[in-house]
Amino acid sequence: MSLLIEDSPRNLLLWITQGIKDGIADGAVISPFCSPVGHLAHRRSGAEMVAGVQKIGGAAFFDAATHALQFPRCGDFRYYDSYRLWGGTRGDLSSPRRLEDHVDRVSETQDSLGVPRLAPTVLLRSPSGPDAATAVAMADIAKTRDAGTWLTIAGDEQFWSSGPSLDAHIGAMAQFEPTGYFLVVTRATGALPVPARRDETAGLARSARSLSEYSRVHISHGDLAGLPAVAAGADSVGTGWDQRQMMFSGVHYEARPADPGDGGGWYQRATLRHVFGRVKPAEYVSLHRRNRTLAEAVTPLQIAPYGPKTVYRHHLRQLSSVVDSILSAAPGEDRYRLLSDSYAAASATWPGVQTAGITEQAAKDWIEELSAGLEIYARAEGW
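According to our numbering, the residues represented by the sequence shown are -16 to 366, in order.
Keep in mind that the hints were calculated from the coordinates and are not lab data.
Watch out, some of these pointers could steer you wrong.
What the hints assert, rightly or not - Cut-off 30 Å, straight-line C-alpha distance, at most; resulting in silico cross-link-like pairs (DSS-like, lysine-lysine):
| hint | residue 1 | residue 2 |
| --- | --- | --- |
| 1 | 292 | 347 |
| 2 | 347 | 4 |
| 3 | 4 | 38 |
Bear in mind that the values here come from a model prediction, so they are computed numbers and not experimental data.
I would like the entire structure built from these sequences, with the hints used as guidance.
Below is the structure:
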């Protein structure tokens, strides 16, 4: 698998299944924050989402996203509390018994949905200390219960930038040798492009490299920012049509209005495949009008008619094309060099895109730090 669609409050099963049927997505990750236990007038249930994906041969996961509860302002529980994920107070992991109870309840939910077991975890801001010990304990419980489980490792930018301390924690998690890992970088901001930094990118890539030796690795909500980790060893990234599907931000888990609307405006920036960035609708039109040759070079497929669904499907095609091209190269140095050369070409192309598209965004916004992080990772590998 190379692309998994992350769940969204818009809950658009048809969009997910069409992507899978067309071969530009491989499955979906259902969240208790987005899909309720039971069918609602305006919302499909988690079971309906899973069934729809599996019916056409797609991969389906249920991510309890327990790490979201550690966001300071997490408060969007209108669907979450319909699940029985806690025997006591929501988020209480203060004792070994409560740790076991929560892990077991998540597993029971996953079993009832007919999806692989994916262990919950806590949000880490440091790879050492009590929270890190809790994360290892939860992984141990899950692996003891089911040798085929997947494990989650979730941390903020500081966690993934922690150098040798990060490596020690990843080593502790690697000893479990699960079926696979979900790696999550949490953000304080909710707007794209993600403010990824080079040390964090290098740490995530290094971790993906280590963990992929014996297990599969998915970069949860990774989207374009997850590409260095794919070059390092991950085999899939999470994406979607809303910004909350392309990054894991505390902003997106704050309390929402009681009105069950569609969650606000659509993210309609067009993906420019060969510069690894996205531009506003007017900028996309300007680029095609002022320099059609360049537009067709950086965006192989035109978006027509322009709208939320076509922009989303265009993004899937562009992102899956990039991920598949990386995965087609031999693991290790070849994948690194393919992405490194692509970033270099993109940096050289961005000035022309700026001029023709009349956009203020550039390589420094979308790829500069990612490219620098990839190079830090590669130097440590001796390439």
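Okay, the hints, checked on the actual structure:
1. 292 with 347: holds, 28 Å
2. 347 with 4: violated, 35 Å
3. 4 with 38: holds, 11 Å
Consistency with the previously given hints fails for number 2 only.
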